[in-house]
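There are 2 protein chains.
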Amino acid sequence: MVISIKQKTPFKLQPLQQAVPVTFTYNVHFTSGLFELNNPLLAQAIGEKGSKQMVAVVDAGLLQHWDGLLEQLAAYVQKYQDLLTLKVEPLVVPGGEVAKNDLALVDSIHKVINAVGLCRHSYVLAIGGGAVLDLAGYAAATAHRGIRLIRVPTTVLAQNDSGVGVKNGINAFGKKNFLGTFAPPYAVLNDFDFLTTLEERDWRAGTAEAVKVALIKDPDFFNFIATNAKAIANRSLDAMQQLIYRCAQLHMEHIAHNGDPFEMGSSRPLDFGHWAAHKLEQLTDYSLRHGEAVAIGIALDTTYSYLAGLLAHSEWQQVIETLKGLGFLLYVPELAEQLEQPDHPRSIFRGLAEFREHLGGELMITLESNPMGKLWLFILIW
Amino acid sequence: MVISIKQKTPFKLQPLQQAVPVTFTYNVHFTSGLFELNNPLLAQAIGEKGSKQMVAVVDAGLLQHWDGLLEQLAAYVQKYQDLLTLKVEPLVVPGGEVAKNDLALVDSIHKVINAVGLCRHSYVLAIGGGAVLDLAGYAAATAHRGIRLIRVPTTVLAQNDSGVGVKNGINAFGKKNFLGTFAPPYAVLNDFDFLTTLEERDWRAGTAEAVKVALIKDPDFFNFIATNAKAIANRSLDAMQQLIYRCAQLHMEHIAHNGDPFEMGSSRPLDFGHWAAHKLEQLTDYSLRHGEAVAIGIALDTTYSYLAGLLAHSEWQQVIETLKGLGFLLYVPELAEQLEQPDHPRSIFRGLAEFREHLGGELMITLESNPMGKLWLFILIW
Numbered sequence: 030m031v032i033s034i035k036q037k038t039p040f041k042l043q044p045l046q047q048a049v050p051v052t053f054t055y056n057v058h059f060t061s062g063l064f065e066l067n068n069p070l071l072a073q074a075i076g077e078k079g080s081k082q083m084v085a086v087v088d089a090g091l092l093q094h095w096d097g098l099l100e101q102l103a104a105y106v107q108k109y110q111d112l113l114t115l116k117v118e119p120l121v122v123p124g125g126e127v128a129k130n131d132l133a134l135v136d137s138i139h140k141v142i143n144a145v146g147l148c149r150h151s152y153v154l155a156i157g158g159g160a161v162l163d164l165a166g167y168a169a170a171t172a173h174r175g176i177r178l179i180r181v182p183t184t185v186l187a188q189n190d191s192g193v194g195v196k197n198g199i200n201a202f203g204k205k206n207f208l209g210t211f212a213p214p215y216a217v218l219n220d221f222d223f224l225t226t227l228e229e230r231d232w233r234a235g236t237a238e239a240v241k242v243a244l245i246k247d248p249d250f251f252n253f254i255a256t257n258a259k260a261i262a263n264r265s266l267d268a269m270q271q272l273i274y275r276c277a278q279l280h281m282e283h284i285a286h287n288g289d290p291f292e293m294g295s296s297r298p299l300d301f302g303h304w305a306a307h308k309l310e311q312l313t314d315y316s317l318r319h320g321e322a323v324a325i326g327i328a329l330d331t332t333y334s335y336l337a338g339l340l341a342h343s344e345w346q347q348v349i350e351t352l353k354g355l356g357f358l359l360y361v362p363e364l365a366e367q368l369e370q371p372d373h374p375r376s377i378f379r380g381l382a383e384f385r386e387h388l389g390g391e392l393m394i395t396l397e398s399n400p401m402g403k404l405w406l407f408i409l410i411w
Numbered sequence: 030m031v032i033s034i035k036q037k038t039p040f041k042l043q044p045l046q047q048a049v050p051v052t053f054t055y056n057v058h059f060t061s062g063l064f065e066l067n068n069p070l071l072a073q074a075i076g077e078k079g080s081k082q083m084v085a086v087v088d089a090g091l092l093q094h095w096d097g098l099l100e101q102l103a104a105y106v107q108k109y110q111d112l113l114t115l116k117v118e119p120l121v122v123p124g125g126e127v128a129k130n131d132l133a134l135v136d137s138i139h140k141v142i143n144a145v146g147l148c149r150h151s152y153v154l155a156i157g158g159g160a161v162l163d164l165a166g167y168a169a170a171t172a173h174r175g176i177r178l179i180r181v182p183t184t185v186l187a188q189n190d191s192g193v194g195v196k197n198g199i200n201a202f203g204k205k206n207f208l209g210t211f212a213p214p215y216a217v218l219n220d221f222d223f224l225t226t227l228e229e230r231d232w233r234a235g236t237a238e239a240v241k242v243a244l245i246k247d248p249d250f251f252n253f254i255a256t257n258a259k260a261i262a263n264r265s266l267d268a269m270q271q272l273i274y275r276c277a278q279l280h281m282e283h284i285a286h287n288g289d290p291f292e293m294g295s296s297r298p299l300d301f302g303h304w305a306a307h308k309l310e311q312l313t314d315y316s317l318r319h320g321e322a323v324a325i326g327i328a329l330d331t332t333y334s335y336l337a338g339l340l341a342h343s344e345w346q347q348v349i350e351t352l353k354g355l356g357f358l359l360y361v362p363e364l365a366e367q368l369e370q371p372d373h374p375r376s377i378f379r380g381l382a383e384f385r386e387h388l389g390g391e392l393m394i395t396l397e398s399n400p401m402g403k404l405w406l407f408i409l410i411w
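Chains Y and Z, in that order, are what the protein sequence lines are. Sequence positions in the first sequence follow my numbering and run 30 to 411. Sequence positions in the second sequence follow my numbering and run 30 to 411.
No lab work stands behind these hints, which were simulated from the structure alone. Just so you know, not all the hints are guaranteed correct.
One copy or two, either will do: identical chains are not told apart, so a pair holds if it fits within one copy or between any two.
Keeping only pairs whose Cα atoms sit at most 27 Å apart, straight-line, the calculated DSS-like set for lysine-lysine is [as the list claims (entries may be wrong)]:
{"id": "1", "residue 1": "LYS204", "residue 2": "LYS140"}
{"id": "2", "residue 1": "LYS116", "residue 2": "LYS204"}
{"id": "3", "residue 1": "LYS81", "residue 2": "LYS204"}
{"id": "4", "residue 1": "LYS81", "residue 2": "LYS246"}
{"id": "5", "residue 1": "LYS246", "residue 2": "LYS140"}
{"id": "6", "residue 1": "LYS204", "residue 2": "LYS108"}
{"id": "7", "residue 1": "LYS116", "residue 2": "LYS140"}
{"id": "8", "residue 1": "LYS81", "residue 2": "LYS140"}
{"id": "9", "residue 1": "LYS108", "residue 2": "LYS259"}
{"id": "10", "residue 1": "LYS116", "residue 2": "LYS81"}
{"id": "11", "residue 1": "LYS353", "residue 2": "LYS108"}
{"id": "12", "residue 1": "LYS81", "residue 2": "LYS108"}
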């Protein structure tokens, strides 16, 4: 024998211990007029020599307000053809949660990726709201074990939260995000122009995640939102830009520095208010937008925090008033269904069990102990 | 405004730069009698308090030789019920490449995961050859953004190569591993007993990856294989165990320390011989096993290395003789098809373009410059 292994009996061979370090890097850019010919940002995001293949997935809801967008994109790619090639027409998919409820859409994107012959160094350009980004991101992450994804989030929620993070997913078996992966994007390009044509509900919905992250992470930021709630509700683009920038920043810092970016453990303060939110979305057949549901979830868990004696009355009021000031309705009839039967599929409390199944491990519910501080309380449910 | 942002015009907001560090850890254990009641390894691999839900996916090919395996597993789980719960019968899936050619099998596994209500801290136990592990791994990685995967590789190839690495995948659109993710396992449990019932082709096939990694990484290991080729071919379990242990170790070290474990860049010496291997598998309708194809691929690229003047005649001969000594056939008629038309779908040379599409970026083909040293040469094809 040429090599020697100390123990000859195989079942005493020492285990091989593996530690695989991976660092995912990406930038989140802020711009306006992203597809205008004189805006080099998208081309710069690609940056490499040699014309790179790209497949575009576009939110049909967005095109209702930006009907020249596909032509603009085609002209842009034409101008920057040394860097970009768009061999096939952009794939237009339904906007909103519908995008995540149809596995066939994932197949459609895979079919295009295959037909064009995209490689792992090619690009999927996803333009739209969070649901479309989640769908396109899942398809991109699972083709060739991960094609580069450039996200162009077009809603407040996508620009400040889901679009700058590391997740994707679609719904299956009636369960939100049952299928998905952790897969950081290659780049994120936030174009504020898209916000100007948002329906009022979409404009508002995205601010709920900002309230959430402010409550958990940054009292100054919460004060900013509380002070400017009316201005934001009245569509101040300046205030909204600041809200988005700071929210995205806090979100990204949490992902990078919380020690568990791919959520293998159990501690997830950013899930504040989300056990109820996910359930409410499902109970309302997704007629409630995610952000609207999160606003109710925040109100609910802030109220529990107050009722549990963790929050002063004035603090509780300030959170509720801020949410109301932003224009959120904090009650839907679904909140009151089957309260006596917490295991009933239509009981809001069933959301606890379902959330636990999705996250895994012991469910920790974040409650606020002082909305101006950085304290929170984990309650072990299982 | 409570918070201030230096530039007020949004398109001058500084990009947010993100770096997400993730370290994936897992152990590869070596044992025998894994499912015997007095072997605590599987239970220890779970380790945590509270009975964890598990879904088992088992290779039908394996059960032909181990017909009591499912009963043994049931008895094992019964004994360790404080740690493990197996609510549903193991899902038996076809063995070999067939497992990777049917997207419906992924759906079947997802259905079971949903029905049992597995959470992200639950386990998928995959028992079988590399193809079954790839299938089950893909299903586990995409459910709830990643359920813990315990691999029990039962072939030489799976125990020393694919089963100890960080990939999964299935075939789609006629392309190998078109769908898949990078997703390190939770643990790998190598049971040498399973090797004793392997068909001769499977016993041998797995040794090709050992030859490959030895040529690239470890001259002493290559000498070990060359010296013991006949003993291995004659089914010396002792020699095979050493081959598997060292091959797994080199493979894992490469993944951990090459700086690009999720293959975002272009340099992949471990792909030595694989451009032709993947194509040959496809050209032979997968009647050629992966390892058999890799052996031919190694022979081919070693021959090119010799013809290019990079290798001495004696070195070339030693590689070829070692492969022959292990029992590999180094020629199949498919090698000679359409050689004049390198773009023809049935030409082996078409494998270069297809490999490039899968890997992305510039294709780098590894050639040996000295099989006893650690040198290799990258040739830029694109």
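Verification of the hints:
1. LYS204 with LYS140: Both ways: LYS204 and LYS140 sit 25 Å apart in one copy and 12 Å across, limit 27 Å.
2. LYS116 with LYS204: Result: close only across copies, 20 Å inter versus 35 Å intra.
3. LYS81 with LYS204: between (36 Å within a copy, 21 Å between copies)
4. LYS81 with LYS246: Neither. Shortest intra-copy (39 Å) and inter-copy (33 Å) distances fail the 27 Å Cα cut-off.
5. LYS246 with LYS140: neither (42 Å within a copy, 38 Å between copies)
6. LYS204 with LYS108: For LYS204 and LYS108, the Cα distance exceeds 27 Å both inside one copy (43 Å) and across copies (33 Å).
7. LYS116 with LYS140: Only inside one copy: LYS116 and LYS140 sit 14 Å apart there, 36 Å across copies, limit 27 Å.
8. LYS81 with LYS140: within (18 Å within a copy, 37 Å between copies)
9. LYS108 with LYS259: Intra 42 Å, inter 62 Å, cutoff 27 Å: neither.
10. LYS116 with LYS81: Answer is within; shortest intra-copy Cα gap is 10 Å, inter-copy 48 Å.
11. LYS353 with LYS108: Cα proximity of LYS353 and LYS108: none, with 46 Å in one copy and 56 Å across.
12. LYS81 with LYS108: Classified as within: same-chain Cα gap 14 Å, cross-chain 56 Å, threshold 27 Å.
Violated hints, listed in ascending order, are 4, 5, 6, 9, 11; each of the other numbered hints is respected by the structure.
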